[in-house]
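Asks: Top to bottom, those sequences are chains A and B.
Heads up, the first sequence is in this note's numbering, so the first residue is 1 and it goes up one at a time.
Heads up, the second sequence is in this note's numbering, so the first residue is 1001 and it goes up one at a time.
FYI, nobody ran anything at the bench for these hints, they're computed from the structure.
All of these numbers come straight from a predicted model, not from anything done at the bench.
Incorrect hints may appear among the rest.
Claimed, not checked - Straight-line alpha carbon distances no greater than 30 Å define the calculated DSSO-like cross-link-like pairs of lysine-lysine that follow:
1) B:K1264 <-> B:K1181
2) B:K1131 <-> B:K1047
3) A:K540 <-> B:K1006
4) B:K1264 <-> B:K1119
5) B:K1131 <-> B:K1279
6) B:K1119 <-> B:K1279
7) A:K276 <-> A:K314
8) B:K1264 <-> A:K540
9) A:K322 <-> A:K355
10) B:K1016 <-> B:K1047
11) B:K1119 <-> A:K540
12) B:K1016 <-> B:K1006
13) A:K495 <-> B:K1016
14) A:K239 <-> A:K276
15) A:K276 <-> A:K318
16) B:K1016 <-> B:K1131
17) B:K1119 <-> B:K1131
18) B:K1009 <-> A:K540
19) A:K322 <-> B:K1295
20) A:K156 <-> A:K239
21) A:K314 <-> B:K1295
22) A:K239 <-> A:K196
23) B:K1057 <-> A:K540
24) B:K1181 <-> A:K318
25) A:K314 <-> A:K417
26) A:K120 <-> A:K196
27) B:K1057 <-> B:K1047
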Amino acid sequence: MTRRMPLYVVAIAALCALSGIFVPPVAEQPGVEAFSRIPVLSEGRFKPLNSLARSSLLEIQGRQMVMTQERVELSPNQWLLDVFFAPEKADGYSVFVVDDPDLQALIGQTEDTISIHYSKKSEQVMALVGFLPSRRRRFSFNEIAPHIQDIVAQEKLAEPVDAQNRSRFQSSVVQLYGNLSHYLRLRRAVMPDGSKDFLGELLRLQENLVDGVAAVRAKEEGKPHDEAKAAAMLEEGQKFVTMSESTDLLAIPPDEGDDPNAWHNSGHALLETFSKGEVNPAVLAYAGMGYAWQGGDSERFQHIVGLYQASLEKHFPKQVEKARIETIFNAAQPFYAGMWMYLGAFLFSALSWIKWPEASRRTAFGLVALGWTIATLGIATRMWLEGRPPVTNLYSSAIFIGWGSVALCLILEAVYKNAIGTAAAGMIGFATLIIAQHLALAGDTLEMMRAVLDSNFWLGTHVVVVTIGYASTFLAGVLAVIYILRGIFTKTLDKATADALARMVYGIVCFATLFSFVGTTLGGIWADQSWGRFWGWDPKENGALIIVVWNALILHARWGGLVRQRGLMCLAVFGNIVTSWSWFGTNMLGIGLHSYGFTDAAFWWLSAFVLSQIALIALANLPLDRWRSFKA
Amino acid sequence: MNETFKQAKAILVSLKLTVVLLALSIILIFWATLDQVNLGVWAVQHKFFHSFIVTAKVGSLQVPVFPGGYAIGGLLLANLIAGHLYRFRLGWRKAGIWITHLGLILLLVGELISGLLQKDFQMRIDEGETKNYAESSRQNEFAIINATDPATDEVTAIPESILSKGTVVQNPSLPFRVVPKAYYPNASVQMRSQVPNAPPSLATSGMGTMLAVTPVEVTYKEDERNVPAAFVELVGPDGSLGTWVVSPLLGNPQTFDFAGRTWKLAMRPKRIYQPYSLKLIKFSHDLYPGTDIPKNFSSRIQINPADGGPSREVLIYMNNPLRYAGLTYYQQSFDNNDHTTILEVVRNPSWLAPYIACGAITLGLVIQFLIHLVGFARRRAA
């Protein structure tokens, strides 16, 4: 029975991973999927509306799905459609996360309004043990709107304080303010605020355009004119000025022959109506989609989306194709799928030390290989979309550290065949992808590179090599953790396994020394090329240097006979602390050229991680007769 | 005696010492990184890395608490060289280690030299302006300018350090002595009318009589600058000419006539003059469409060579500096609504050393790594 196990498990896992692309988690009306593929220019890059919806929701509410008051689940696409075209509905969705008690009080919430009361007994139990939320943490725009003056006032007070010195209330209020403006910019991206019948207004404008413009001209020249027509036209113009100033979403493509990157926002495009003599067709298309969406007319909605997509396809085939691939990439969520593969691989590796050693080990190996392949495809897609090397920000560094470590683990496992490589791959792969999931909450992960980092050559060499250095230092640490835990708590660490682990750790430390040194050096050369000094003692540089020196210290301590097997393991575990500090800790200092920002929540996780590693080192120093594996 | 010597030698060549020194260097770097939050990166380099001993203030005393960068680096160098001399074995198996350590020696020595010799300046040029000097971003000088001849200025510059010590300066090019009366490393300068309770001014001539100078705490923040101020008395053969206040905040130099000549006084960022000049033709600041995320900064510069030869144009932009006449010009910043470029100007004679050193170390590590790998594969195959 166990002989076929690896094949079945890996096949089922692969099917689950693929299902994300073909089976949407929420049934959507016809045309919504096509709508979500429409490319727009936002935050400096072309992206599908689907990405805009997902990253906006992650930023505002920390998750991608929206729950309405009637407990109906909406996809990000459906949410964005309501924000664009049915704001009165969207204003009622609870999407703004407010966790700080003082801020909850500021928006008029009390203990009573926040507690959730379940009527069913089973739900009450679930809430008690934490499977259902017992308190509300997301609030709707309608709930917050009456308190907006207070929020603006408090934000004005908090904003001048340096980010790392803000109190919890101050950072929460700055964040909520940012989320509210983000939401309002989306709500005003296509339609003006409070418009009841946008399509009708545009059609009437088109109809009256010639007369109206003539009336305004005559008025300006002081000639007789139809005052009502002129006033109506000027009012329209004023409305469009307001619109063009209240959004940063460039959704309207330029005319044929213009600079293909010079996309406009909808207000700006409408202002050109007066000089061009016709309403911009793309704005009309959006207004038509809005009309159909408001009326629940899916057939017409699908039809208009199809027409608009076809016209984009003709003039912007590259952007349409990229948007299509990115939408598939979003739906596939390769890194999320990979995360579960890695977790499964770890469990099967652990199982292999207890039962069915060969079948479990092979299953684990298959899962790691599958997860790694999916991650590779994901990274390759990101690189293609961005036109960049794999690591461009903290998010992609987490993914790449996982990828690099798992690749090394696959090699180790292929050589040693003792399920240690797969266990380590499972742990690191899962952990790095969890970290990446949290980093994605900061917004679009395919953001544009700031000028100082805009060099594909150095991103491709320095950043990639130094990240592999991080990855291998972590791997050595995780192998050491496996040694310590198995040795102390199980009887499975026999002499052969222990020696094999020691050889693996030593080999990986050699590898880590090479890569962290070369990576750090390349960084120095980049700094010499762009800032005029090879070494500037910047916190991130120091962090990388400490990793190099630490790896060198491990090697010299071993060559000098100062440490043996257990000592080597303790040093390697400490390498985890050194590396995590360099990776995240240096960013928290908020200084230096590399401080590309980070949240305070990470500080507590980092501290907890450091403490756990110190505890492991202390544990490893238990006398040998307390180690279950070494007891006579 | 002989025993002690042997023991000392055993310690000097031991790997134990290497490990201890590496551990100490990690602590030093970590501590220095944390201290940057308080001191800023320049003060930290001086305190931790360009020093033999790191001291800390206990009460009012400076107490040595930790070995500094020079001490640890020097000992590492000694340990490395001594170890190699003592265990001298030429052989292929150690070739990688040899090359790595040679590279390391070059890297340490190169960094020592660049720490001692590297100088950096700034150059602010407005669009259309031509400049033949760069200014220090941290050091100032007190310039006394003989402006009698309208064609050329004859400048006598007194460094800040002399003003701060209060040393009296007598120089053959000046018909008066310079007597520093007071010096503040960081000070604010306001009109006296705005500071009702200001103590009486030390100044008796120039703008200083109308100004109130208030010392301010020295800052170490990266985005702030210290602006010094000083009161300086000029004493001629027949007695005092008056006391002036000088500070970079004052802007235009103060002028007075003495001994039939016109003099100007100014405290300004320390300058280095070059025999050639640079003209800013255009500064560009590109953004990603629809955002304020900078995409690129670049300065189109015209170089007018020292020998009066034909001028040429170059483009300085991010990751693409101009190397010219032993100096390197980097795009650092901009000002004045994108009409002024700020270039960082660096003189570092040992800039090549890290390139060579790192190449050698990388080569050495790769060789050593391959030796291990081949050995491992052979053992497993056997």
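Asks: For every hint, state whether the structure bears it out.
Replies: Comparing the hints with the structure gives:
{"no.": "1", "hint": "B:K1264 <-> B:K1181", "result": "holds, 19 Å"}
{"no.": "2", "hint": "B:K1131 <-> B:K1047", "result": "violated, 35 Å"}
{"no.": "3", "hint": "A:K540 <-> B:K1006", "result": "violated, 42 Å"}
{"no.": "4", "hint": "B:K1264 <-> B:K1119", "result": "holds, 28 Å"}
{"no.": "5", "hint": "B:K1131 <-> B:K1279", "result": "holds, 6 Å"}
{"no.": "6", "hint": "B:K1119 <-> B:K1279", "result": "holds, 22 Å"}
{"no.": "7", "hint": "A:K276 <-> A:K314", "result": "holds, 22 Å"}
{"no.": "8", "hint": "B:K1264 <-> A:K540", "result": "violated, 46 Å"}
{"no.": "9", "hint": "A:K322 <-> A:K355", "result": "violated, 47 Å"}
{"no.": "10", "hint": "B:K1016 <-> B:K1047", "result": "holds, 27 Å"}
{"no.": "11", "hint": "B:K1119 <-> A:K540", "result": "holds, 23 Å"}
{"no.": "12", "hint": "B:K1016 <-> B:K1006", "result": "holds, 16 Å"}
{"no.": "13", "hint": "A:K495 <-> B:K1016", "result": "holds, 28 Å"}
{"no.": "14", "hint": "A:K239 <-> A:K276", "result": "holds, 18 Å"}
{"no.": "15", "hint": "A:K276 <-> A:K318", "result": "holds, 27 Å"}
{"no.": "16", "hint": "B:K1016 <-> B:K1131", "result": "violated, 55 Å"}
{"no.": "17", "hint": "B:K1119 <-> B:K1131", "result": "holds, 19 Å"}
{"no.": "18", "hint": "B:K1009 <-> A:K540", "result": "violated, 37 Å"}
{"no.": "19", "hint": "A:K322 <-> B:K1295", "result": "holds, 21 Å"}
{"no.": "20", "hint": "A:K156 <-> A:K239", "result": "holds, 27 Å"}
{"no.": "21", "hint": "A:K314 <-> B:K1295", "result": "holds, 29 Å"}
{"no.": "22", "hint": "A:K239 <-> A:K196", "result": "holds, 14 Å"}
{"no.": "23", "hint": "B:K1057 <-> A:K540", "result": "holds, 28 Å"}
{"no.": "24", "hint": "B:K1181 <-> A:K318", "result": "violated, 71 Å"}
{"no.": "25", "hint": "A:K314 <-> A:K417", "result": "violated, 54 Å"}
{"no.": "26", "hint": "A:K120 <-> A:K196", "result": "violated, 41 Å"}
{"no.": "27", "hint": "B:K1057 <-> B:K1047", "result": "holds, 12 Å"}
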